[in-house]
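These protein sequence lines are chains A and B, in that order.
Convert by adding 1 to the 1-based position in the first sequence; the result is the number in this note's numbering.
Convert by adding 1 to the 1-based position in the second sequence; the result is the number in this note's numbering.
Hints listed in this document are in silico derivations from the structure and should not be mistaken for laboratory results.
Bear in mind that the values here come from a model prediction, so they are computed numbers and not experimental data.
Do not rely on the hints blindly, as some may be mistaken.
As the list claims (entries may be wrong) - Label pairs and their calculated CB-CB ranges:
1) A/175 x B/300: 37 to 43 Å
2) B/271 x A/284: 52 to 58 Å
3) A/304 x B/302: 37 to 43 Å
4) A/229 x B/151: 45 to 51 Å
5) A/40 x B/179: 57 to 63 Å
6) B/24 x A/151: 26 to 32 Å
7) B/93 x A/79: 54 to 60 Å
8) A/98 x B/269: 54 to 60 Å
What the hints assert, rightly or not - Which residues of chain B face chain A? A few of them, derived with a C-beta cut under 8 Å, are:
9) 151
10) 200
11) 203
12) 205
13) 206
14) 208
Built from N, CA and C at the ideal position, the CB exists for glycine as well.
What follows is each chain in one-letter form.
There are 2 protein chains.
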Amino acid sequence: MKPYVVGIDIGGTNTVFGIVDARGNVIASSSIKTAKHSDVNDYINELSEALDNLLESNDAADKINGIGVGAPNANFFTGCVENPANLPWNGEIPLAQMLKDRFNVPVAITNDANAAAIGEMTYGVARGMKDFIMITLGTGVGSGIVANGQLIYGHDGFAGELGHVTVKPNNGRMCGCGRTGCLEAYCSATGVARTAREFLETRTDPSRLRDIPIEDITSKDVYDAAVLGDKLAKEIFQYTGDIMGRAFCNFIAFSSPEAIVLFGGLAKSGDLLMKPIQESIDRNIMSAFKGKTKLLLSELKDSDAAVLGASALAWEAR
Amino acid sequence: MKPYVVGIDIGGTNTVFGIVDARGNVIASSSIKTAKHSDVNDYINELSEALDNLLESNDAADKINGIGVGAPNANFFTGCVENPANLPWNGEIPLAQMLKDRFNVPVAITNDANAAAIGEMTYGVARGMKDFIMITLGTGVGSGIVANGQLIYGHDGFAGELGHVTVKPNNGRMCGCGRTGCLEAYCSATGVARTAREFLETRTDPSRLRDIPIEDITSKDVYDAAVLGDKLAKEIFQYTGDIMGRAFCNFIAFSSPEAIVLFGGLAKSGDLLMKPIQESIDRNIMSAFKGKTKLLLSELKDSDAAVLGASALAWEAR
Chain A
2 MKPYVVGIDI GGTNTVFGIV DARGNVIASS SIKTAKHSDV NDYINELSEA LDNLLESNDA
62 ADKINGIGVG APNANFFTGC VENPANLPWN GEIPLAQMLK DRFNVPVAIT NDANAAAIGE
122 MTYGVARGMK DFIMITLGTG VGSGIVANGQ LIYGHDGFAG ELGHVTVKPN NGRMCGCGRT
182 GCLEAYCSAT GVARTAREFL ETRTDPSRLR DIPIEDITSK DVYDAAVLGD KLAKEIFQYT
242 GDIMGRAFCN FIAFSSPEAI VLFGGLAKSG DLLMKPIQES IDRNIMSAFK GKTKLLLSEL
302 KDSDAAVLGA SALAWEAR
Chain B
2 MKPYVVGIDI GGTNTVFGIV DARGNVIASS SIKTAKHSDV NDYINELSEA LDNLLESNDA
62 ADKINGIGVG APNANFFTGC VENPANLPWN GEIPLAQMLK DRFNVPVAIT NDANAAAIGE
122 MTYGVARGMK DFIMITLGTG VGSGIVANGQ LIYGHDGFAG ELGHVTVKPN NGRMCGCGRT
182 GCLEAYCSAT GVARTAREFL ETRTDPSRLR DIPIEDITSK DVYDAAVLGD KLAKEIFQYT
242 GDIMGRAFCN FIAFSSPEAI VLFGGLAKSG DLLMKPIQES IDRNIMSAFK GKTKLLLSEL
302 KDSDAAVLGA SALAWEAR
């Protein structure tokens with residue numbers, strides 16, 4: 002087996018890629034702008050040249066075992082990115098095949114949350130676990146589910162949309178997916194900002210958050226205020242954690258994971274968020290599962306996580 | 002490989018067991034009373050003798066590949082039945098080991114819903130499927146989840162408690178598990194009877210169900226009335242199907258199964274229940290999953306299903 006793999010993380014703004022060794026060290030990495038090219042062929046050309054350069058300057062051109070790609074709406078089974086809302090290309094894009102044609106190594110592709118789960122299992126806090134759920138808390142809420150040591154892709158490659166389970170069956174918030182009451186509408190970074198606006202509009206108690214124009218409030222503002230002891234801001238985290246804990250109880254009833262691992266910007270809120278989640282789980286969990294599932298924070302370094310996760314996929318790519 | 006397996010289904014009242022061939026034919030079967038013995042050793046003695054007799058009278062004593070057992074609270078990993086509420090024994094009962102000591106063949110054990118899922122995958126409507134969810138609708142709501150062609154047991158052997166996901170976060174009905182708002186409290190046979198009582202008490206419109214003493218109403222009464230065109234009874238099935246469909250949308254977001262297979266008494270309500278469920282799924286499903294997951298009825302014969310399901314487990318027992 003060759004000593005390295007390549008991980009490519011395709012985000013709406015940047016595409017980050019790196020060379021990774023078997024111990025999870027990112028040997029070298031670089032990036033290009035994703036949105037620069039409206040034609041996906043031009044994009045692949047630029048990406049391939051940039052990756053070629055990175056490989057050559059690190060004497061790694063013939064030492065690559067495979068390439069793993071994390072991208073929105075990526076389908077592991079077909080190797081295609083399908084109608085990605087945040088990328089500049091439409092339809093089914095055979096990204097895995099396009100990269101295989103260029104580099105002549107196996108290429109595997111999956112969505113970002115699945116890539117994060119595999120990264121966590123290969124290099125992070127879920128090492129050695131056969132059953133865990135990765136929850137990514139960013140602009141949206143994503144998930145990667147591992148059971149029996151394998152990622153669950155479902156029959157069509159799209160399993161693990163836990164951001165879109167319904168947590169408020171009645172009178173729930175509109176979600177970006179077109180439905181109402183989804184977990185993502187409450188527990189993403191944007192969901193927390195929406196909660197802040199809702200609390201500020203419907204309540205009259207003082208808060209540091211009232212100094213910020215209401216439409217500009219971000220989850221970071223809520224975090225900053227809560228750290229300074231702002232009562233309303235802390236209640237926003239309580240509210241968010243309560244909903245998340247209830248949802249996690251349902252996830253636990255489904256696959257009884259050893260751990261739920263949180264990753265992403267919002268997860269950095271630490272105890273402000275983790276404590277309310279844990280309390281909500283303890284309050285709402287079915288007795289058969291009580292105290293059995295750990296709530297953990299990702300151990301992957303932020304700057305490397307996306308590339309590491311994608312690269313982990315490449316070790317098993319065929 | 003030897004030609005037969007044995008399936009044992011341990012229920013609260015009866016223990017049914019049979020000899021099954023590789024094509025899913027139940028060659029012969031018999032049963033004993035489960036609750037007769039307060040000492041589990043006496044129970045195993047009677048069961049073993051009865052099974053010995055069945056094997057000998059069918060010339061099958063040396064032709065058994067293994068034994069599969071379906072039982073409440075059975076743990077696949079430990080081979081134990083753990084504190085079963087509906088069985089007369091307490092604590093952790095090493096049932097698999099006890100049977101292995103008697104028959105000197107591999108014994109595997111799992112809960113009844115998981116056994117049904119394996120039976121459906123081996124002999125029934127889910128043949129060839131790698132991703133499906135089995136929902137058993139009886140006194141309670143049970144489930145067996147198959148992903149990547151494998152049953153999901155979770156890290157502790159207790160995955161698949163889908164009867165206890167929360168479908169009514171606010172003001173939900175008390176559930177047998179001690180929590181409120183569980184799927185089981187609405188969509189089991191007892192749940193349907195509770196809905197009937199709730200509807201009759203809170204509404205004034207006429208119904209055939211008003212001829213039955215309210216505490217005696219069963220889901221079968223509701224079915225009989227609905228078949229005769231009773232409007233309120235039909236609305237009870239609508240209400241039940243709507244809740245079930247919403248819950249199924251969350252299950253689909255989790256594992257994106259090729260099918261959800263319904264089994265058990267209530268599933269025999271046919272279109273009265275299936276149509277509202279399907280309509281609810283179509284109304285509530287996330288667009289990425291629209292029209293992708295089949296809603297199916299079990300194909301296993303009722304009389305054989307439990308034994309078949311348990312026996313299917315035995316082919317892979319070690």
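Now for the hints, and whether the structure bears them out:
1. Distance hint check: the CB atoms of residue 175 of chain A and residue 300 of chain B are about 41 Å apart, consistent with the given range 37 to 43 Å.
2. Look at residue 271 of chain B against residue 284 of chain A: about 39 Å separates their beta carbons, and that is not inside 52 to 58 Å.
3. With their beta carbons about 59 Å apart, residue 304 of chain A and residue 302 of chain B fall outside the hinted range of 37 to 43 Å.
4. For residue 229 of chain A paired with residue 151 of chain B, a C-beta distance near 49 Å keeps the hint of 45 to 51 Å intact.
5. The beta-carbon spacing between residue 40 of chain A and residue 179 of chain B, approximately 59 Å, falls within the hinted interval of 57 to 63 Å.
6. A C-beta distance of roughly 29 Å is found between residue 24 of chain B and residue 151 of chain A, which places it inside the suggested range of 26 to 32 Å.
7. The hinted window of 54 to 60 Å between residue 93 of chain B and residue 79 of chain A is violated, with their beta carbons roughly 46 Å apart.
8. For the pair residue 98 of chain A and residue 269 of chain B, the supplied restraint of 54 to 60 Å is violated, since their beta-carbon distance comes to about 48 Å.
9. Taking 8 Å as the C-beta cut-off, the interface hint given for residue 151 of chain B holds, the closest approach to chain A being about 5 Å.
10. At a threshold of 8 Å, the smallest CB-CB gap from residue 200 of chain B to chain A is about 19 Å, leaving the interface hint violated.
11. Interface restraint check for residue 203 of chain B: the shortest CB-CB distance to chain A comes to about 18 Å, outside 8 Å, so the restraint is violated.
12. At its closest, the beta carbon of residue 205 of chain B sits 24 Å from a beta carbon of chain A; the interface hint therefore is violated under the 8 Å criterion.
13. Because the closest C-beta pair between residue 206 of chain B and chain A is about 24 Å apart, greater than 8 Å, the hint is violated.
14. For residue 208 of chain B, the suggested interface contact is broken, since its CB lies about 26 Å from the closest CB of chain A, more than 8 Å.
Of the numbered hints listed earlier, those contradicted by the structure are 2, 3, 7, 8, 10, 11, 12, 13 and 14.
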